[in-house]
Amino acid sequence: MHGMPQERIRLLYPLLGPFVLLWILFWLVPLGWGFELSLQDSSHGFSNSVEHQVQYVGFDNFERTLNDPKFQKALINSLKYVVGSVICIVPLGFLLAVALFDIPRFARGVITFMLLIPGLALPGAMSKLFYLFFHGREGALNQYLVIPLGLDPINWMMDPDFIMPSLVMQAVWRWTGVVSLFFLCGLEAIPRWQFELAKLEGFKNGAKFRMILITGVRKLAIFVSVFLIVDGVAAFSGAYTLLGGSGGMLDAGLLLVTYVYQVAFPGGSGRFDLPGAAAMSLLVAPLVAGLLFLMLKSRSLFLQS
Amino acid sequence: MNRFFSLVLVLGFALLSAYPFGWMFFSSFKTNKEIYQPKQLLPEEFDGQAYSLLLEGKYLDFEGSLWQSFFIATSQSFLATGVSALAGFALAKYSFRGKSLLLGLAVLIILIPRQALVVPVFEWFNWLGWTGSSFSLILCGIASGLGVVFFTQSFKNLPNELMEVSQIEGLRPFRLFILVFPLFGPGLITYFLLHFALCWQEHLLALLLLDDSHLTLPLALAKLSDSSHRAPESVGMAAATLSFIPILCLFALFFNKMRTALSQLSLN
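Protein chains in written order, with the numbering used here: chain P, 1 to 305; chain R, 1 to 268.
Just to be clear, a hint being listed does not mean it is correct.
The calculated label-pair distances, taken between Cβ atoms and stated as ranges, are [what the hints assert, rightly or not]:
#: 1; chain 1: P; residue 1: P191; chain 2: R; residue 2: N160; range: 14 to 24 Å
#: 2; chain 1: R; residue 1: V107; chain 2: P; residue 2: M158; range: 33 to 43 Å
#: 3; chain 1: R; residue 1: F78; chain 2: P; residue 2: R105; range: 27 to 37 Å
#: 4; chain 1: P; residue 1: L21; chain 2: R; residue 2: K33; range: 52 to 62 Å
#: 5; chain 1: R; residue 1: L55; chain 2: P; residue 2: I222; range: 42 to 52 Å
Read the hints as simulated data drawn from the structure, not as lab findings.
All residues carry an ideal CB built from backbone N, CA and C; glycine is no exception.
Please build the complete structure, drawing on both the sequences and the hints.
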């Protein structure tokens, strides 16, 4: 490539070395370790004794996990959570970014910062706020939204139908501001001449204008969606603090990582089933990959049309 | 879009985002009874007792948690920024064998979150005998795929002419990096802040890797809200407020730098 020096790899060691070393130590090794663990017999439980004989049972743990109705429930819940939050956050973030782009510059900074605030808070603190401020019979959601609409107050925390929406709402509250900051920066980076050209062509508020904005954030949207999907699959803290480590009523709020935690460690169900949990962890990876594949696929369809 | 409508829309959302945090702050001075009435913003009288209870360590060593979190997040973000910037520079500006493989690895780390690997990580650290120390928590978050991708995009802005000159001069890649990285101050600060925020919020790994004498803030908050402490709600609100202020100040201080860096990121 022009201007990009072809360098002997030896000279690049100081640059790449630390990353590769840490990657091997804290990512690759645990991955292999987990795979080895997932093949072990789990009936002995967690044992540190020296004479403890490890028995390998092949892929039994994976099979057991896939047939576990609670795992299936957690899988579906996590899927709902991820899809729900991406579908709400990305368009809303874009709408807000366009609106922010529209207002005078001096007001932009302050308002964007205010929008960013929930993204900075600890998920645990947000859950606490959700519990005290939004939820409950006297909570803001019931008082300002549900009752004025003439509906019965909703018991957000106890009604299995509403636990998932309330988790999604928490994600929306948390991430929308961050996403709109990213989008706004993308919009600000669009070269001026594109807008002037559009104006000259007489498309002031028209389709062309929107097209420029959308093209401006297309790659950012992918980046943001990937981030949200991964963060959604890994979601733990919010649900953990909100539901106290359980899955909530009828496990309606049981997320994948919460369940892995429940299976592996005491304080959850106390089953100490580390091999099972390891198998479960390893099953999460293809799930994320599959979701991302679907997303990129639908994007290429969207771009063709 | 109509400018007035835009202003109303963003102001509405900004208020919706920020108001609960204002409520949280004022609630730290309220009685339980007042907190259970979310419509009320201001307490009838300001009572700072929750803060003194919290900082005296009546429930847990909150001041210790604050320092612990600060120490872990700062050192991890510092190291992660350095390591990612080094790797990102090499990936953005040099071609070498195995480059696409390495970029693929970085993306793979993003795609498989650490939280999903938490059981194997726990077992691995257990085997090493490192559980319980905050260093294990710091170390396992340094290699960040997000960071490598971020810096690969940032360093692409470095003019290629500079690379040609450096090659004629026979400058080693590491020397060149040392020379040019101060130019990317805003980018470095931005990634530092993003990593800091994510590390500040890390709950699950901290839950598994740390023992009870090293609680970080998310753990302390979860502990305070579990019922065995019988702490008044205002104490929880005070803890949430105190855990929020450091990161809010950091971001407020560097917000403009961050916006500059994000606009320059060649993601478009």
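Hints and how they fare:
For P191 (chain P) and N160 (chain R), the Cβ-Cβ distance of about 21 Å falls inside the hinted range of 14 to 24 Å, so the restraint holds. Our hint of 33 to 43 Å for V107 (chain R) and M158 (chain P) holds, since their Cβ atoms are close to 41 Å apart. In this structure, F78 (chain R) and R105 (chain P) meet the distance hint of 27 to 37 Å, their C-beta atoms being roughly 33 Å apart. Restraint check, L21 (chain P) to K33 (chain R): a C-beta distance of roughly 56 Å satisfies the suggested window 52 to 62 Å.
For L55 (chain R) paired with I222 (chain P), a C-beta distance near 45 Å keeps the hint of 42 to 52 Å intact.
Consistency with the previously given hints is maintained throughout, with no hint failing.
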